[in-house]
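**Student:** The primary structure of each chain is shown beneath.
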Amino acid sequence: MIPVAHFMFISASLFCIGLYAVLTRRNTIQILIGIEFMINAAVLNFVAFGKYDKISGGGQMFALFAIVLAAAGVAVALAIILNVYRYFKSIDPTKTDTLKN
Amino acid sequence: MGQEQILFYFFGASVLISALCVVLMRNLVRSIFLFFVTLFSLAALYLFALADFIALSQVVIYAGGVLVLMLFAFMLSSRELLNSIKPAVSGFKVNHLAGILTSILFLFILFRVIIKTNFNQLMWMQESMPIASNENTAHQIGIHIMTAYLLPFEILSIFLLMVLIGAAHLARKGGKE
Chain A
1 MIPVAHFMFI SASLFCIGLY AVLTRRNTIQ ILIGIEFMIN AAVLNFVAFG KYDKISGGGQ
61 MFALFAIVLA AAGVAVALAI ILNVYRYFKS IDPTKTDTLK N
Chain B
1 MGQEQILFYF FGASVLISAL CVVLMRNLVR SIFLFFVTLF SLAALYLFAL ADFIALSQVV
61 IYAGGVLVLM LFAFMLSSRE LLNSIKPAVS GFKVNHLAGI LTSILFLFIL FRVIIKTNFN
121 QLMWMQESMP IASNENTAHQ IGIHIMTAYL LPFEILSIFL LMVLIGAAHL ARKGGKE
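Protein chains in written order, with the working numbering: chain A, 1 to 101; chain B, 1 to 177.
What the hints contain is simulated information worked out from the structure, not anything from laboratory work. Take the hints with a grain of salt, since some may be wrong.
To give a feel for the contact side, a few chain B residues facing chain A, derived at Cβ under 8 Å [as the list claims (entries may be wrong)]:
1. Ile6
2. Ile17
3. Ala19
4. Leu20
5. Val23
6. Phe35
7. Leu42
8. Ala44
9. Val68
10. Leu71
11. Ala73
12. Met75
13. Phe106
14. Phe119
15. Ile131
16. Ile158
Estimated spans, in silico, between C-beta atoms of each pair [what the hints assert, rightly or not]:
17. Asn120(B) <-> Lys100(A): 26 to 36 Å
18. Glu154(B) <-> Val76(A): 12 to 22 Å
19. Pro93(A) <-> Asn27(B): 27 to 37 Å
20. Lys89(A) <-> Ile155(B): 57 to 67 Å
21. Asp92(A) <-> Asn134(B): 26 to 36 Å
22. Pro152(B) <-> Val76(A): 14 to 24 Å
23. Phe88(A) <-> Arg172(B): 48 to 58 Å
24. Pro93(A) <-> Phe153(B): 27 to 37 Å
To be clear about the criterion: a stretch of chain B counts as covered by chain A if any three or more of its residues have a C-beta under 8 Å from a C-beta of chain A, and this derived list gives those stretches [as the list claims (entries may be wrong)]:
25. 54-60
26. 134-148
Just so it is clear, the structure is predicted and the values come from calculations on it, not from any experiment. We put the beta carbon where it would ideally sit given N, CA and C, even for glycine.
Can you make the complete structure from the sequences, with help from the hints?
**Tutor:** Okay, structure coming up:
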């Protein structure tokens with residue numbers, strides 16, 4: 001039986017790795033991967049607490065919903081990144097500095 | 001230390017080490033392939049929380065869907081996209097220092113909160129009934145989807161339809177510039 005706190009240590013570390021990637025990477029794909037890490041850390045917390053929630057099953061259900069939402073987000077984000085690349089010829093977020101023309 | 005603990009810490013370490021490698025790796029393709037390792041180890045961690053259906057959908061959706069989508073998007077679109085992502089000239093930027101400081105401070109705060117909390121004394125956790133290891137969670141999830149969580153499920157299906165249309169519209173070739 002593994003205590004909840006140990007799940008939370010792992011998910012907190014994973015969240016901070018994702019935060020570091022979002023803050024410092026110069027490459028949109030790695031920023032996207034960092035966001036995925038943060039979502040996965042949240043899912044790990046959902047699942048770890050869902051173990052104690054057998055009757056209503058909220059933890060596991062919302063873990064499932066969060067995974068689906070993350071996948072949908074990646075699909076749209078990749079489409080946007082491809083468009084940005086076509087327009088700016090670069091996916092460095094510091095170089096994409098106009099919203100219109 | 002039983003077998004369960006050893007496996008749990010092994011997979012936990014594998015998640016964290018591979019995630020660090022993904023983030024620090026300069027070669028994008030390598031970092032996407034290492035992302036596989038992180039996701040599979042995370043699925044293994046979900047198994048330790050007795051969420052076998054979630055672990056399975058993690059493998060199917062992430063490893064089968066998201067990563068293949070990422071790889072396809074690059075290999076199909078253009079080779080210059082992969083080549084253009086040459087890492088910037090290495091050097092310690094102020095940006096990096098601030099990012100490292102922020103994430104380490106946030107990690108410190110989170111760890112402190114987790115250490116200070118005594119999870120076994122939480123009221124709802126004492127009264128709750130933990131899932132037994134021989135239970136069929138997929139069966140329970142199916143019942144929950146069709147009863148208590150029907151509204152989020154339907155909202156999610158509408159949302160997925162919107163994402164499908166939106167992503168196809170954004171990614172089509174030869175749209176108006």
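**Student:** For every hint, state whether the structure bears it out.
**Tutor:** Status of the hints after comparison with the structure:
For Ile6(B), the shortest C-beta to C-beta distance to chain A is roughly 11 Å, which exceeds 8 Å, and the interface hint is violated. Violation of the interface hint for Ile17(B) is found here, the shortest Cβ-Cβ separation to chain A being roughly 10 Å, above the 8 Å cut-off. Evaluation of the Ala19(B) hint against chain A yields a held restraint, the C-beta minimum of about 5 Å falling below 8 Å. Among the interface hints, the one on Leu20(B) holds; its C-beta lies about 6 Å from the nearest C-beta in chain A, closer than the 8 Å criterion.
At a threshold of 8 Å, the smallest CB-CB gap from Val23(B) to chain A is about 4 Å, leaving the interface hint in force. Nearest Cβ of chain A to the Cβ of Phe35(B): about 6 Å, under the 8 Å cut. The hint holds. Among the interface hints, the one on Leu42(B) holds; its C-beta lies about 6 Å from the nearest C-beta in chain A, closer than the 8 Å criterion. The interface hint given for Ala44(B) is broken, as the beta carbon of that residue sits about 11 Å from the closest beta carbon of chain A, more than 8 Å.
Given hint, Val68(B) at the interface with chain A, is violated; its Cβ is 11 Å from that chain's nearest Cβ, farther than 8 Å. Restraint check, Leu71(B) versus chain A: the minimum CB separation of about 11 Å is more than 8 Å; hint violated. Interface restraint check: Ala73(B) against chain A, minimum CB-CB distance 5 Å, threshold 8 Å, status holds. A hinted interface residue such as Met75(B) counts as satisfied when its beta carbon comes closer than 8 Å to some beta carbon of chain A; here the least separation is about 12 Å, so the hint is violated.
Annotation: Phe106(B) was flagged as interfacial toward chain A, and the flag holds, the nearest CB pair being 6 Å apart, inside 8 Å. Evaluation of the Phe119(B) hint against chain A yields a held restraint, the C-beta minimum of about 5 Å falling below 8 Å. The beta carbon of Ile131(B) is positioned within 8 Å of a beta carbon in chain A (closest approach about 5 Å), and the interface hint is therefore held. Among the interface hints, the one on Ile158(B) is violated; its C-beta lies about 11 Å from the nearest C-beta in chain A, farther than the 8 Å criterion.
Between Asn120(B) and Lys100(A) the Cβ separation comes to about 55 Å, which falls outside the hinted range of 26 to 36 Å. Remark: the range hint 12 to 22 Å for Glu154(B) to Val76(A) is upheld by a beta-carbon distance near 20 Å. Pro93(A) and Asn27(B) have their C-beta atoms about 19 Å apart, which leaves the hinted 27 to 37 Å range violated. Under the hint 57 to 67 Å, the C-beta atoms of Lys89(A) and Ile155(B), about 38 Å apart, miss the expected range.
The given range of 26 to 36 Å is broken by Asp92(A) and Asn134(B), whose C-beta atoms sit roughly 52 Å from each other. At roughly 20 Å, the beta carbons of Pro152(B) and Val76(A) sit within the given window of 14 to 24 Å. The given range of 48 to 58 Å is broken by Phe88(A) and Arg172(B), whose C-beta atoms sit roughly 19 Å from each other. A hinted range of 27 to 37 Å for the beta carbons of Pro93(A) and Phe153(B) is consistent with their spacing of about 34 Å.
A stretch counts as covered by a chain when three or more of its residues have a beta carbon under 8 Å from one of that chain; for the region 54-60 of chain B and chain A the count is 3, and the coverage holds. Coverage of the region 134-148 of chain B by chain A holds [criterion: at least 3 residues with CB-CB distance below 8 Å; count 7].
In terms of the numbered hints stated before, the structure departs from hints 1, 2, 8, 9, 10, 12, 16, 17, 19, 20, 21 and 23, listed from lowest to highest.
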